[in-house]
Amino acid sequence: MRNDFQAIVMGVSAGGFNALHTMLPLFPRDFPLPIIIVQHRISENNTFLEESLNRVCQLTVKESNEKETINPGIIYIAPGGYHLLVEKDLTFSLSVDEPVCYSRPSIDVLFETASLAFGPRLIGVILTGANDDGSEGIKKIKSKGGLTIAQDPESAEVEIMPRSAIETKTVDFILPLEEIPSFILTVLEDS
Amino acid sequence: MDNEDIEIKVLLEAVRLKYGYDFTQYASASVSRRVKKALSESGLEKISEMIPRIIYDRKFFNSFVRNLSINVTEMFRDPLFYCELRERVIPYLQTFPHIKIWSAGVSSGEEVYSLAILLKEEGLYDRSMVYATDFNDIVLESAEKGIYPADNIQKSTKNYQKAGGRESFGKYYHADYGSAIFDRSLKKNIVFANHNLVTDSGFGEMNLILCRNVMIYFNLELQNHVFQLFDSSLCNNGFLCLGSKETIDLSVIADAYMPVSKKHRIYQKKIHRQGGTLKNAE
Ligand SMILES: C[S@@+](CC[C@H](N)C(=O)[O-])C[C@H]1O[C@@H](n2cnc3c(N)ncnc32)[C@H](O)[C@@H]1O
Numbered sequence: 000m001r002n003d004f005q006a007i008v009m010g011v012s013a014g015g016f017n018a019l020h021t022m023l024p025l026f027p028r029d030f031p032l033p034i035i036i037v038q039h040r041i042s043e044n045n046t047f048l049e050e051s052l053n054r055v056c057q058l059t060v061k062e063s064n065e066k067e068t069i070n071p072g073i074i075y076i077a078p079g080g081y082h083l084l085v086e087k088d089l090t091f092s093l094s095v096d097e098p099v100c101y102s103r104p105s106i107d108v109l110f111e112t113a114s115l116a117f118g119p120r121l122i123g124v125i126l127t128g129a130n131d132d133g134s135e136g137i138k139k140i141k142s143k144g145g146l147t148i149a150q151d152p153e154s155a156e157v158e159i160m161p162r163s164a165i166e167t168k169t170v171d172f173i174l175p176l177e178e179i180p181s182f183i184l185t186v187l188e189d190s
Numbered sequence: 000m001d002n003e004d005i006e007i008k009v010l011l012e013a014v015r016l017k018y019g020y021d022f023t024q025y026a027s028a029s030v031s032r033r034v035k036k037a038l039s040e041s042g043l044e045k046i047s048e049m050i051p052r053i054i055y056d057r058k059f060f061n062s063f064v065r066n067l068s069i070n071v072t073e074m075f076r077d078p079l080f081y082c083e084l085r086e087r088v089i090p091y092l093q094t095f096p097h098i099k100i101w102s103a104g105v106s107s108g109e110e111v112y113s114l115a116i117l118l119k120e121e122g123l124y125d126r127s128m129v130y131a132t133d134f135n136d137i138v139l140e141s142a143e144k145g146i147y148p149a150d151n152i153q154k155s156t157k158n159y160q161k162a163g164g165r166e167s168f169g170k171y172y173h174a175d176y177g178s179a180i181f182d183r184s185l186k187k188n189i190v191f192a193n194h195n196l197v198t199d200s201g202f203g204e205m206n207l208i209l210c211r212n213v214m215i216y217f218n219l220e221l222q223n224h225v226f227q228l229f230d231s232s233l234c235n236n237g238f239l240c241l242g243s244k245e246t247i248d249l250s251v252i253a254d255a256y257m258p259v260s261k262k263h264r265i266y267q268k269k270i271h272r273q274g275g276t277l278k279n280a281e
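Going line by line, the protein sequences match chains A and B. Taking numbering that gives the first Met the number 0, I'd label the letters of the first sequence as residues 0 to 190. Taking numbering that gives the first Met the number 0, I'd label the letters of the second sequence as residues 0 to 281.
Check the hints yourself; a few may be wrong.
[To be verified] Calculated pairs, DSS-like style, for lysine-lysine (alpha carbon to alpha carbon, straight line, at most 25 Å):
hint: 1; chain 1: B; residue 1: Lys262; chain 2: A; residue 2: Lys141
hint: 2; chain 1: A; residue 1: Lys61; chain 2: B; residue 2: Lys262
hint: 3; chain 1: A; residue 1: Lys143; chain 2: B; residue 2: Lys8
hint: 4; chain 1: B; residue 1: Lys262; chain 2: A; residue 2: Lys168
hint: 5; chain 1: B; residue 1: Lys262; chain 2: A; residue 2: Lys87
hint: 6; chain 1: B; residue 1: Lys35; chain 2: A; residue 2: Lys141
hint: 7; chain 1: A; residue 1: Lys139; chain 2: B; residue 2: Lys8
hint: 8; chain 1: B; residue 1: Lys262; chain 2: A; residue 2: Lys139
Worth flagging that the hints you see were computed from the coordinates, not collected in a lab.
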């Protein structure tokens, strides 16, 4: 398999707090890609999630700022209340456009803009959640030749979101939560 | 450059040449999303097919611009910002006999009515002159009316209370057939005007400028242009308030400003310039 990936985008909703705390610590300290995450959240303007993840992760976890350059080996979380977009010059933009699928941040918005910026060099991951945000985004990533992964609905706290992504028939791999990091690592190591 | 990017570039250039609206330095990812939204509403197939429509059909252009400008707003957006404004900025403004305030990118006006309410409660309204500007005439018109869907009132009331409101919010509007009509007295000292931050010049001697959730749509270069416009419009020790995820830090004027509230993005102009040299305002 190819190994020229430049970034990972992840979308997660209901059940996300636990899922992220289980999975993200499994990425090693020297992980070479940026991981950009939209987690739907109700409360805007608090950094509780970032702080809590930072305590358990080997990689640095931070909120993504507007105009910030995307750097490898960092986990970026979309701020509450804003859409997170990836620019072609590999910086972040934020926007307060209408919610998409009732959500802001929206997974679709991140995935679509990231797929335009990274093209085939993008890995998209859909985790647990109770709506179908991210399904359009997964299709876009696939159409640009990227790699797509969904959490195995059986292993998901809420199965609706990964199931909806899988139903688009554009998901390459369906994996249990704990296996996603090691799977991505093998993909990156393959030459 | 891929084809879509070329099409968008040419289209924005056409818009600029024909109507003077300059979106060429807006953050691309968002513009490209909005252009595609306009495309899907138009029923046309390619972005470039919108170009003749935009040039020859004013109505089409109007709806295109509506798609491109993002007007989402609410009363007392980020309530804690308004608390901070009350606590950290108002006491300073209290010391002036006259106060000039500019709310730039005011959209449909919720921001400036929130500000007006706060000024009233702090006893500053009567000495204040507030300029409320936007480049979109449609939203400006609703701003001038001050009539909002009653559905929003619950959220507005909640925000108002969180923002440290001192009264019952109901005092500021009356309900009428599904609308909330805001009190006329709130707009007595507000001037609504069309103003384009990209192409128009600034206003003089402002004590306070609010420009929230506007510059996130601009690229760094354009942000710098607008920051300079604000810098030249602010009086010494004047305040600049940005949206809660916007920052002055990356801009060319950063060094001349002091954060009053880092978290709520309130900055104060700390230095004035004379003959090109920097000098402390003491
Ligand atoms: C998302 S709204 C922000 C409204 C309000 N300030 C708030 O924070 O809730 C952005 C506003 O900026 C205006 N805007 C965008 N570009 C502008 C420009 N070049 N000059 C003036 N206003 C502009 C839009 O028309 C829109 O009303």
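Which numbered hints does this structure break? Of the numbered hints, 1, 4, 5, 8 do not hold.
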